[in-house]
Amino acid sequence: MHFVSGGAFQGKRKWVNAHYSFAHTPYSWYCAYENMFPFPHDETASVVVLEGIEHWIREYFFPYTDDEKEAIRSYMCAWKRWEQAGERTVVWIGCDIGQGIVPIDAHERAWRDMVGWTYQQLASICNRVDYVWCGINERIK
Amino acid sequence: MIVFISGGVRSGKSSFAEQWAKTMAGATHSLHYIATAIRADEEMEKRIAHHQQQRKHDRWQTWEQPYDLDHIISMFSKRDIVLLDCLTNLWANELFRDHIWDVHGKVPRIVQQMKQLADKVKGLIIVSNEVFYDGIPNERGTYMYMHGLGLLHQHLVTLSDVAILMRYGLPIVKKGRWPCGVV
Numbered sequence: 001m002h003f004v005s006g007g008a009f010q011g012k013r014k015w016v017n018a019h020y021s022f023a024h025t026p027y028s029w030y031c032a033y034e035n036m037f038p039f040p041h042d043e044t045a046s047v048v049v050l051e052g053i054e055h056w057i058r059e060y061f062f063p064y065t066d067d068e069k070e071a072i073r074s075y076m077c078a079w080k081r082w083e084q085a086g087e088r089t090v091v092w093i094g095c096d097i098g099q100g101i102v103p104i105d106a107h108e109r110a111w112r113d114m115v116g117w118t119y120q121q122l123a124s125i126c127n128r129v130d131y132v133w134c135g136i137n138e139r140i141k
Numbered sequence: 001m002i003v004f005i006s007g008g009v010r011s012g013k014s015s016f017a018e019q020w021a022k023t024m025a026g027a028t029h030s031l032h033y034i035a036t037a038i039r040a041d042e043e044m045e046k047r048i049a050h051h052q053q054q055r056k057h058d059r060w061q062t063w064e065q066p067y068d069l070d071h072i073i074s075m076f077s078k079r080d081i082v083l084l085d086c087l088t089n090l091w092a093n094e095l096f097r098d099h100i101w102d103v104h105g106k107v108p109r110i111v112q113q114m115k116q117l118a119d120k121v122k123g124l125i126i127v128s129n130e131v132f133y134d135g136i137p138n139e140r141g142t143y144m145y146m147h148g149l150g151l152l153h154q155h156l157v158t159l160s161d162v163a164i165l166m167r168y169g170l171p172i173v174k175k176g177r178w179p180c181g182v183v
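Same order as they appear, the protein sequences are chains A and B. The numbering of the first sequence is UniProt numbering, which starts it at 1 and goes up by one. The numbering of the second sequence is UniProt numbering, which starts it at 1 and goes up by one.
In short, the hints are calculated from the structure, not lab data. Among these hints, one or two may not hold up.
Claimed, not checked - Stretches of chain B that chain A covers, calculated by requiring three or more beta carbons in the stretch to come under 8 Å of a beta carbon on chain A:
id, stretch
1, 98-109
2, 147-155
3, 163-174
Claimed, not checked - No farther apart than 25 Å at their CA atoms in a straight line, the calculated lysine to aspartate or glutamate pairs in the DMTMM-like style are these:
id, chain 1, residue 1, chain 2, residue 2
4, B, Lys175, B, Asp80
5, A, Lys141, B, Asp134
6, A, Lys14, B, Asp134
7, B, Lys56, B, Glu42
All C-beta atoms in this analysis are idealised placements derived from N, C-alpha and C, irrespective of residue type, glycine included.
Please build the complete structure, drawing on both the sequences and the hints.
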């Protein structure tokens, strides 16, 4: 699996498109700003992109307790198993929201915490991690 | 030549950019500073006076151009090094000068102006700010502003020969190589 992160509006989506030459490869793209997160069992494409995971976390994994952490972990593992069952790649795109002022609002704080925790899990189970700045990637794993 | 320098608040990007400009200019080229702040209140007046005082000793010529860069492009030649500080001001002034907030019309126009300016001079150094690490904003004005600034950054880095991210006064070279003599 491949985790792609970076700040907002830095060209992450564009970079993934170019990196995987999606003009010539069959793929599925799921965007958190538009859809519910998908499960791997009905997937037919060989490359799957899951974009905007910070948004899924905010919408579906509140209140960010250990139960939700376990649910996220098993969701990520399900995709990992799906990937390993064939010539497949799963690409996770997540916006870095952890380098601003710590917010006063408790929910905002808890969300950033949960997203940071999830990104750490992702970085450890993915074999490649890239961080995009102004359209330029830096491979950090 | 275009040099793009970005970084957080107080990361040392302005002084690094000035240093770079002086090195590029050597003894033979002229130094120009495009100031983008609008004189809106007393605090801004003071900041502007402070910056001007600092540059006074180093033979800089200052151009106050909060928007419409194309109005001054014809004033420059290949004997000039131009430092623009900073893009975030210029973009705010351009985006919010009317109520249309037309990101997709205004971004290419600014990129085009930067390109024309860079072609005219020996070196153009653009300073900007990193504001993208606290998530996607809900408020529409902030969203449009960040969306446009992100696009500008990507376009200008593509056009640039050197792109630098400043951290704690330390330059991280993301694209190209920096010339000898710049600290």
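Here is what the structure says about each hint:
1. Under the rule that three or more residues need a Cβ within less than 8 Å of chain A, the assignment of the stretch 98-109 of chain B is violated, with 0 such residues.
2. Beta-carbon proximity to chain A at under 8 Å applies to 6 residues in the stretch 147-155 of chain B; the threshold of 3 is reached and the given coverage holds.
3. Beta-carbon proximity to chain A at under 8 Å applies to 3 residues in the stretch 163-174 of chain B; the threshold of 3 is reached and the given coverage holds.
4. For the suggested pair B:Lys175 and B:Asp80, the alpha carbons sit about 23 Å apart, so the restraint of at most 25 Å is met.
5. A hinted pair counts as satisfied when its Cα atoms are at most 25 Å apart, and A:Lys141 with B:Asp134 qualifies at roughly 23 Å.
6. Only pairs whose Cα atoms come within 25 Å are accepted, and A:Lys14 paired with B:Asp134 is accepted, the gap being roughly 20 Å.
7. Among the hinted pairs, B:Lys56 with B:Glu42 is consistent with the structure: their alpha-carbon atoms are about 21 Å apart, no more than 25 Å.
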